[in-house]
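Student: Next come the chains, spelled out residue by residue.
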Amino acid sequence: MPAVANVVEQLLNGVTLGMVYVLLAAGLSIIFGVMDVINFSHGELFALGAYFALTLVDPLGATIGFPVALVLAPLAVGVVGAAIERFTVRPLYGRNPLYHILLTFGLVLIINDVIRFTWGQQQQQLAVPAALSQPVGAFGVRVALYNLFMIAVAAVLAAGTWLALNRTRYGMIVRAGSQDREMVRNVGIDIDRYYTLVFGFGAALAAVGGIVLGGAQNVNPNMGGSVIIPAFIIVVLGGLGSFRGAVFGGLLVGIIQTMTRTYLPVFEGLTIFLLMIAVLLVKPQGLFGNPEWGGGGEEDGELLVGAYGGVFTAGTRRRLGVLAVAALAVFPVVATVTDNGFYVTLANTMFVWALFALSLDFVMGSAGLVSLGHAMFFGVGAYTGALALLHLAPSFLVALVAAVLVPAGLAWVVGSLSIRVSGVYFAMITLAFAELLYSAVFKFEFTGGSDGLLGFDALLGLGGVGPRLSEIELTVAGLTVGSSVVFYYVALALSVGTLLVARRFMTAPFGSVLQSIGESDERAAFVGYDVTGYKRRAFVISGAIAGLAGGLLAVNPDTFVVSPDQTLHWINSGEVIVMTLLGGMGTLFGPMLGAGVFIGAEDVLSSHTDQWRMIIGAVFVVFVLFVPRGLVSIPALVARRFNAEGGDPPLGVDEEVNADD
Amino acid sequence: MTDPLLSLTGVRAGYDLTEVLRGVEMTVEEGSVVSLVGRNGVGKTTTLRAIVGNVTPTAGTVTFDGGDITQLPTERTIQRGITFVPEDRRVFPGLSVRENIEMGRLGAGGETSVDEVLETFENLKEREDSYGSVLSGGEQQMLAIARALVADPELLLLDEPTEGLAPYIVRDIEDIIRELNDQGITVLLVEQNIPVALDVSEYTYILGKGRIVHEGPAAAVREDTDVLDRHLGVGSVE
Chain A
66 MPAVANVVEQ LLNGVTLGMV YVLLAAGLSI IFGVMDVINF SHGELFALGA YFALTLVDPL
126 GATIGFPVAL VLAPLAVGVV GAAIERFTVR PLYGRNPLYH ILLTFGLVLI INDVIRFTWG
186 QQQQQLAVPA ALSQPVGAFG VRVALYNLFM IAVAAVLAAG TWLALNRTRY GMIVRAGSQD
246 REMVRNVGID IDRYYTLVFG FGAALAAVGG IVLGGAQNVN PNMGGSVIIP AFIIVVLGGL
306 GSFRGAVFGG LLVGIIQTMT RTYLPVFEGL TIFLLMIAVL LVKPQGLFGN PEWGGGGEED
366 GELLVGAYGG VFTAGTRRRL GVLAVAALAV FPVVATVTDN GFYVTLANTM FVWALFALSL
426 DFVMGSAGLV SLGHAMFFGV GAYTGALALL HLAPSFLVAL VAAVLVPAGL AWVVGSLSIR
486 VSGVYFAMIT LAFAELLYSA VFKFEFTGGS DGLLGFDALL GLGGVGPRLS EIELTVAGLT
546 VGSSVVFYYV ALALSVGTLL VARRFMTAPF GSVLQSIGES DERAAFVGYD VTGYKRRAFV
606 ISGAIAGLAG GLLAVNPDTF VVSPDQTLHW INSGEVIVMT LLGGMGTLFG PMLGAGVFIG
666 AEDVLSSHTD QWRMIIGAVF VVFVLFVPRG LVSIPALVAR RFNAEGGDPP LGVDEEVNAD
726 D
Chain B
35 MTDPLLSLTG VRAGYDLTEV LRGVEMTVEE GSVVSLVGRN GVGKTTTLRA IVGNVTPTAG
95 TVTFDGGDIT QLPTERTIQR GITFVPEDRR VFPGLSVREN IEMGRLGAGG ETSVDEVLET
155 FENLKEREDS YGSVLSGGEQ QMLAIARALV ADPELLLLDE PTEGLAPYIV RDIEDIIREL
215 NDQGITVLLV EQNIPVALDV SEYTYILGKG RIVHEGPAAA VREDTDVLDR HLGVGSVE
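So the protein sequences, as listed, match chains A and B. Just add 65 to the spot in the first sequence (first one is 1) and you have our numbering. Just add 34 to the spot in the second sequence (first one is 1) and you have our numbering.
So that you can see chain B by itself, here it is in the shape it has in the complex (with noise of 0.2 Å):
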């Protein structure tokens, strides 16, 4: 068995005085799609903000591709191969579409063109020269997806990116993180949507104050109601 793609072990971390994760223990294997769910300020986000070094964790460690990036400058992690796509979506309000895509593919580009990735979003490329604030949320969705597509990621973090969106815009997400993960990107997901996170996910981790409280397949997960009920305070998943 290889190694996972990402791992993180005894990774405490928080803000200030606040110590949020308490020693998240969690692998993401290489070309899987992997969910994080949990109730309200657990420490979801923040798990991501860690990995990727917008919070720097004051214990454990970080292991992407082989490399520790526990300590890494956010800039650098992303340059290795991480791509996140944060809550709230963070498009750049002042910048064009286009140019939001370009600064995705000037910090850690590769191959993808600008261009290529337009082609993949059609209501994105009928409004490339929109800037970001006149966008709709789902076209905003897309941007800050396609503006990590660009960078030709290994590992994509997606930060609860069905937040605030219609039913059907929710199924067109769902399809994307598909898509992206039979083009062999591997996606760790943090969603509130329980469905759609056991839907579109093969493994699943919950998060309860801090720590991992339950992990298995994500199909097992659902139909375990004890699981559900204790940890989600949901009894089923439709």
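Chain A with its partners taken away, still in its complex shape (with noise of 0.2 Å):
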């Protein structure tokens, strides 16, 4: 019976896949569970894994390098998680789990970036020894004895993993950790010690899973940005923190991938994100987790919006805000007259990620709730307009208004489900919906699949009449002022538009009401408050605000395609809210100023180094570690440490937190 046969096989290579994924969402879930850490670096350490590994079987060939590269490697990221640990990530304990997030999302763009320049980026094939190449099989089911291999190092290391956790006093602490922290204090046990221990056990075996599917597929500086989407959702099914939920959601996520690929391509890489959907709002806390135990005792930190009181009074800052705009007002003049028309297109992308940061920052500095997966307005936005364009009318009013309408209808649908659920949740249910979305556009004719949508062009007017954007040239007082400076404007009065309009509904009794709700839910339901309803019309607001960011990203005059990874991929919410921290949450305007600086130094950078992300992701982590209310912050910051009382660190400016004058 080859059918049986094709099924057993192809079950097999699921269970090879989800064992790869079970050494990878052990480790998470562990260090999720006692730390509350999650951790996005853990893709790039299951790629250096592999990376180390490769370095070993180079010299000493397959046969020898391979077995000494599965012990050693994984021993080598060991101690370069325990490291990360140490000096990064610890300072940050207390604080809310977000900065963790920011925090392990600038690593990822450091280490990556170390392997690029290290091994370059091709890929490159990890020999393994000739005996574990062969085909075995039984019963007419051939698999190659490597899976097999595969399922036998991973099943040891679960099982030993198991144990450990189970049967040693080093795993009962942990155990108790994840239960009470502070508790485990207070029978006196330094906790601290088993944190670093913990990541770095957990990164070894990351690495594993790296070199041993590495040795079946080839190692690449993407594998860590594919496998780390999959292993959250693991994570969050099986339940956070639990073990049991990370064996059994990878196994079941690893067959689940392989069978739709066989099977049911037409839903490759939609089934999981909608399985993670349906577990967290049935089952929030996964299929394992347990709610009581909150890793509880210690309170987690808030989220530290930015602040700028105390050295400008409002008047001073009302005439710095009219001095930018009417800075930004003449930019084009002064770049056009000195012949750098190329900045004024750098400037249009600024306007793009500004009003994209101001969404976030609407629902994040307020509500605080934080959207992994913002990019999905942003995208839905930038095909909506791309589409309007192509098919409805080429009038960039029409495109606008649609990508401002069809996110707006995305995000109530998407807030209506996932506002159920708060914090960690919140974030990891929005990045599985955004997931959802970017693997939807691949599917389908009318979105191009991976190429993008092509060949859109926007009028200036509406109804057919007016110029195409693109050939737009006019000529005012003997200078040529073409589509890129048109473009500018209608983006600057967009971008300031929607800030005073953001603000003024924040300085109204919505969003004391939302920043109330940000403080504690349970106290603004408690007086009486629809929290829901309020978070969902926020959101709404917020998706609005990203769909028309994305629509002006269609309508710029050079923009030729909108594609998939430059709108939908998971790195854009990544960036956004790396954009928004830098600039200074809460303050609207902050994150605005933080997408404007972050695309500049990326353009400036860029142009200099093929390292521009290890640099930008250095600057970050520095941020997030010692300036996490952002640039708005740094003249507070200046002004303190010219002041008497110097010496306090960057954290406690706490005179003024309210975001309006």
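Mixed in with the good hints, there may be bad ones.
[To be verified] Short, incomplete list of chain A residues facing chain B, as computed with Cβ under 10 Å:
no., residue
1, Glu74
2, Arg234
3, Ile238
4, Ala241
5, Ser243
6, Gln244
7, Met248
8, Val249
9, Arg250
10, Asn251
11, Val252
12, Ile254
13, Asp255
14, Ile256
15, Leu565
16, Arg569
[To be verified] To list a few chain A residues with every Cβ distance to chain B over 12 Å, as calculated:
no., residue
17, Val72
18, Leu119
19, Gln187
20, Leu262
21, Met324
22, Thr401
23, Ala590
24, Gly665
[Said to hold, decoys possible] Examples of chain A residues toward chain B, derived with CB under 10 Å:
no., residue
25, Met237
26, Asp245
27, Glu247
28, Gly253
29, Asp257
30, Arg601
It is worth saying that the hints were derived from the structure and are not from the lab. These numbers were taken from a predicted model, which means no experiment stands behind them. Here a beta-carbon is modelled for each residue, glycine too, at the ideal position from N, C-alpha and C.
Reassemble the complex: the two chains are provided individually, in unrelated frames, and hints are given to aid placement.
Tutor: What follows is the structure in structure tokens.
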């Protein structure tokens, strides 16, 4: 019966992939359980394992090198992991878990660039011993011996981890720590020492996963990024902090992924996200998670909003704002006169991202809704804009209106489903929705698959009347003004206008309620506010603004293509969070400033070095650690330094934290 | 006269921007049972948390056994011989009864073995493999005390051990405190149940808004209806 044999073969392939996921997810889950750290860099540590192995196997040869690498490379990665915990993660304990997401996102940029710099961009082959490359067969089922080897290695390690957790003192202390950290200290145990150990151990497990998968497929710089999202899904599915959940979830996802790829290719990449959304909606704590063990005892710190008070008076701030807008208004003229038109194009990109960052801050800085999937609204806005231009009417107005309405509707749906869960779960469920859409655009004809959409062009008018935006050329006072400049003013007006509207919302009672929700859902509900309703409305407005940003991207005459990677990829969600924090969360204008600085830095750095991500990542890590209130807090920090009582660390800018004057 | 086992001088502590303790002064003599009582929210729990370092005092000193422990991390304080049974028991819900006690021994343990402690708590011994989360309130309290005792403490800090327990279990807890004291363990007891506190302790401190507002032998406080009324809002203690 060849059909049955085929299914069994695919099942075995699924289990093989699943076991790699188990190795990855077990560490991720234990790390979260014990220290509340969501480690985005786990995927890069996985990749690092494979690269270390590559370096060992090359000189030693596969037969000796591979077994040696399987032992030494994970140890080395374990040391790297321990160092990461000791020097970057540790200063953040007690702060909101979001800062760990941000920090480890910065680490992703750094480690990934280190990998590209050290080992190159090309994919490479990790040689495995010849004895393992043979196929084996029984009852008509043929499978590579190497697959069985992978399953065996992972099973031994998973069993060993289980034993270590449940049958040793170390394991008992780690489990106790995941239930009540402060109480572990109260019985006289220094839990911090175990944190380093757990982080290192988790990193080493991930490295083994990277090596065995690298041997089966290949080793490339993107391998970390491609496994981290499934790994998160597994951890959330199984229950954050649950080892059993990681094992069960890993196998489940591995089998489902393999089976859909083989038998239902249409749904490839969709099923696991749908599964995760379904599980989170029914059982937010995951299949094996325990809602009562919050790692409790020590309260999570709150999100640190940008603080810019105490230096400039309200009047000065207003004048500075007007001055900034005025400077932006004359900028294209100066750029054109001095023949620096390129900077207008760059500024246009900044406007798009500034609006995107504003949209995130609207929900994150006020109500504390950390969306890890905000790229979905940006991306859907961009796609809607481009589709409207292609099929509806080639008018920039139509495109922008559509780009606002469709994401707003999407935000209503996603918001209604996901606002019921909060904190880390909300972050994860938004990420799942975004990834679902990202995978979906590859499937459809009308979204252009992986190429994206091409050949759209906006008219500066309505109803087919008006010049093509990309062909505009005006001569004003002897200066030739191109389409970029026209777009620049459209974008400037929309950015300033949207900022003012958003500020109006935040200073109105609506904004006050959102802020009280951000401080405590429960208290806001106790005094009678419809917390879910307020959050959903804020989320819809945020989705609309993100959509506007996406629409602007589509209308921008310098945009030739709207592609999945450029709009819907999770990296974009991560980057916009980076911008928001960089500028100063909760201030609305701060994140816009952060977006400008980020895009500017990216442009300057990438023209000088290929390792620009590493630099941005490092700067960002420094910000998370030392300037968590963002760029807008720097004047206050500087003022403090020069005042008599300077010694205070940057954390405590508390004089005035309200978002407006 | 020997130095007290524990003394707090001018201890100030709090959370973020709220100062809860505003200069607490108190001493605990070796071998005694001292109670700390007061209305809700005056800082009784914070006092215990400041002693063990769950909150770090912003001013003042805490000395124990002749050494300054004010700035010591919690685990080091515990290792010096203070054990802490916090409010709400805080047993590890996902660890078995035996493992919970084992945790106490791993941290600051001495001679006493887990089995010895289990012998003295018969009802816990019967359930040594059950998870902490499935125990009743009274059993959890016993377990929390057992976890503290396995560390052979010189000083035991108890935060509201009778809260939410049935009257006959409250009497058990009183008996246990007396028994431990007979074995030479010094006890500092924070208690809402004033009759219990005054019954079981020799000396009592009354805390009001972050400062000690009255102190004296428990028997004398018990008779002083004026003090009881003014600081605790009860006219007499039955």
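Student: All hints, please: hold or fail.
Tutor: Going through the hints against the structure:
no.: 1; hint: Glu74; in the structure: 39 Å, violated
no.: 2; hint: Arg234; in the structure: 6 Å, holds
no.: 3; hint: Ile238; in the structure: 7 Å, holds
no.: 4; hint: Ala241; in the structure: 5 Å, holds
no.: 5; hint: Ser243; in the structure: 8 Å, holds
no.: 6; hint: Gln244; in the structure: 5 Å, holds
no.: 7; hint: Met248; in the structure: 5 Å, holds
no.: 8; hint: Val249; in the structure: 7 Å, holds
no.: 9; hint: Arg250; in the structure: 4 Å, holds
no.: 10; hint: Asn251; in the structure: 5 Å, holds
no.: 11; hint: Val252; in the structure: 4 Å, holds
no.: 12; hint: Ile254; in the structure: 4 Å, holds
no.: 13; hint: Asp255; in the structure: 5 Å, holds
no.: 14; hint: Ile256; in the structure: 8 Å, holds
no.: 15; hint: Leu565; in the structure: 33 Å, violated
no.: 16; hint: Arg569; in the structure: 30 Å, violated
no.: 17; hint: Val72; in the structure: 38 Å, holds
no.: 18; hint: Leu119; in the structure: 40 Å, holds
no.: 19; hint: Gln187; in the structure: 47 Å, holds
no.: 20; hint: Leu262; in the structure: 15 Å, holds
no.: 21; hint: Met324; in the structure: 34 Å, holds
no.: 22; hint: Thr401; in the structure: 52 Å, holds
no.: 23; hint: Ala590; in the structure: 23 Å, holds
no.: 24; hint: Gly665; in the structure: 36 Å, holds
no.: 25; hint: Met237; in the structure: 6 Å, holds
no.: 26; hint: Asp245; in the structure: 6 Å, holds
no.: 27; hint: Glu247; in the structure: 6 Å, holds
no.: 28; hint: Gly253; in the structure: 3 Å, holds
no.: 29; hint: Asp257; in the structure: 9 Å, holds
no.: 30; hint: Arg601; in the structure: 31 Å, violated
This entry does not satisfy hints 1, 15, 16 and 30, going by the numbered hints stated previously.
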